[in-house]
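Asker: Using the sequences plus the hints, can you model the full thing?
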Amino acid sequence: MDRFLYLTFDGLSRGAVYSAFALALVLIWRAARIVNFAQGAMAVATAYVAYSVASATGSYWIGFVVAIVGGLVLGAVVERVVMRFVDHSSPLNGVVVALGLVLIIQGVLGMIYGNNFRPAEAPFSRDAFQVGGVALLSRYDLFVFAAVGAVVVLLTLLFTRTSTGLRMRAAAFAPDVSRLLGVPVGGMLTLGWALAAAVGSLAGMLVIPTELGLHPNAMDLLFISAFTAAVLGGLDSPIGAVVGGLVVGLLLAYVSGYLGATVAPMAVLILLVVVLLGRPDGLFSRAKARTA
Amino acid sequence: MTALLEMTGLTVGYGAAPVLHEVDLSVREGRIVTVLGANGAGKTTLLRAVSGLLHQSAGKITFDGVDLRTVKVERLVRHGIAHVPEGRGVVTELTVDENLRLGGLWRKPRPDLGEIYELFPPLANRRNHLGHQLSGGERQMLAIGRALAAKPRLLLLDEPSLGLAPKITAQIMGLLRDLRDRTGLAVLLVEQNVRSALSVADEGVVLNLGRVVTRQKADTLADDADLRHAYLGF
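Quick mapping for you: the protein sequence lines, in order, are chains A and B. Using the UniProt record's numbering, read the first sequence as starting at 1 and increasing by one per residue. Using the UniProt record's numbering, read the second sequence as starting at 1 and increasing by one per residue.
Source of the hints: derived by calculation from the structure; they are not laboratory data. If you're wondering where the values come from, they're calculated on a predicted model, not measured in any experiment. Among the hints, erroneous ones may be present.
[Claimed, not checked] Beta-carbon label-pair distances, calculated as ranges:
id, chain 1, residue 1, chain 2, residue 2, range
1, B, N128, A, Y258, 43 to 49 Å
2, A, I239, B, L162, 33 to 39 Å
3, B, R127, A, S52, 49 to 55 Å
[Claimed, not checked] With the C-beta cut set under 8 Å, the calculated list includes, among others, these residues of chain B facing chain A:
id, residue
4, S51
5, L76
6, V77
7, R78
8, V91
Built from N, CA and C at the ideal position, the CB exists for glycine as well.
Answerer: Laid out in structure tokens, this is it:
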């Protein structure tokens with residue numbers, strides 16, 4: 001039972017990061033109908049910059065802010081400079097361009113920082129508190145929950161309570177009509193990419209200290225888990241992404257806890273295949289509304 | 001009085017073949033001009049050219065003296081033009097209230113949506129319903145209400161009667177007449193439903209295969225049996 005509790009909390013903490021990263025994928029999917037396969041590489045790029053700034057200034061938190069702001073800027077640049085010019089007649093085009101971006105970003109990072117793992121320190125202790133002799137949550141886990149929770153709340157407020165959020169939703173659902181109503185559709189798309197990349201950068205900052213450290217490929221495995229979470233949730237659904245992230249986190253924790261860590265990546269892939277075969281629209285997708 | 005909207009020699013095409021040939025048309029403030037004609041006559045193309053969704057290959061469109069070629073689609077509403085596209089263009093994933101808010105978002109201060117709900121009482125009861133839950137008539141009301149939330153000087157309406165019961169069509173036409181008289185709104189109304197369009201319009205323009213066949217006062221047009229038989233099918 002102790003072990004089960006420990007694994008559950010560990011799974012939720014990992015899952016929260018997957019939720020954030022899946023949310024970033026969903027944001028771009030909703031805005032542009034592209035699965036941004038470059039999201040992981042983009043997040044690693046901002047994490048490298050963040051840790052450079054942190055070691056230069058001696059403050060993790062300055063680096064943290066740089067990562068988020070860097071994500072905003074990088075997302076906007078990727079949309080304006082690359083994605084805007086992708087021909088959307090085939091959905092594969094965006095995917096191929098995004099994969100190309102992954103290779104470019106990882107190559108450039110390797111050239112600048114080298115292909116060795118670099119240590120990435122966590123801002124809080126990762127030692128778990130003992131409750132009744134059971135190790136449950138660390139300060140770092142609490143930080144992860146708070147950060148992801150804040151992102152979910154802020155995004156919900158943005159999309160449901162603000163004019164900008166309304167414009168973003170309208171531009172995504174009905175670009176032509178939105179233009180006629182005075183919505184700057186291109187600007188909303190750029191903003192969507194910027195926000196998504198910032199959320200992706202946050203997820204990167206949260207996960208990298210819990211793994212082997214900074215490396216150009218540091219987010220590759222996380223990407224697969226988060227992508228599975230997003231597909232599980234339906235790609236279109238922000239709530240689905242959050243729930244999907246937690247489910248994948250728990251699955252990974254239980255599988256690695258009871259069956260061994262080497263089996264865990266396989267379990268994620270099996271889940272992905274099962275979802276794609278059994279319920280390809282995900283658990284949270286709404287029935288397609290008629291548009292006429 | 002000079003015209004609010006003025007087209008001269010307008011030629012527009014998809015690809016090489018023009019759909020509209022050298023169309024001259026003007027709409028003055030406080031007037032309803034209806035564009036009539038069979039399917040494929042170029043009516044929708046005409047509206048899309050005005051709002052810049054299609055690019056003209058020749059000719060000129062001015063609105064209140066401004067050359068509309070220099071105005072981006074998303075700036076059009078700031079110049080006072082609201083376009084209700086064919087098929088109504090309600091954003092079906094948003095609620096009634098969100099659709100209406102969207103219409104007036106660019107205005108400062110934001111318009112009072114209460115006025116719109118007063119114009120369209122059925123919408124007031126369905127504020128929080130999603131667009132796809134509405135009936136055809138309600139969607140049309142919502143699309144027009146949303147356009148009016150932008151407080152336009154010119155309303156471009158594409159087939160508002162499409163798929164609606166005659167009673168609702170009559171209500172919408174009555175509303176247009178009322179808005180014209182009260183606020184001086186100018187309307188460019190594209191319609192297949194010739195009778196109801198001529199009942200409300202000041203002038204009618206008949207398009208055939210992309211050319212203006214005639215332009216007359218609405219009641220004259222309604223009385224011209226030959227023209228009606230030849231181009232309007234009744």
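Asker: Give a verdict on every hint.
Answerer: Each hint tested on the structure:
no., hint, result
1, B:N128 / A:Y258: 43 to 49 Å, "holds, 46 Å"
2, A:I239 / B:L162: 33 to 39 Å, "holds, 36 Å"
3, B:R127 / A:S52: 49 to 55 Å, "holds, 51 Å"
4, S51, "holds, 6 Å"
5, L76, "holds, 7 Å"
6, V77, "holds, 4 Å"
7, R78, "holds, 6 Å"
8, V91, "holds, 5 Å"
Comparing the model with each earlier hint shows no violations; every hint is respected.
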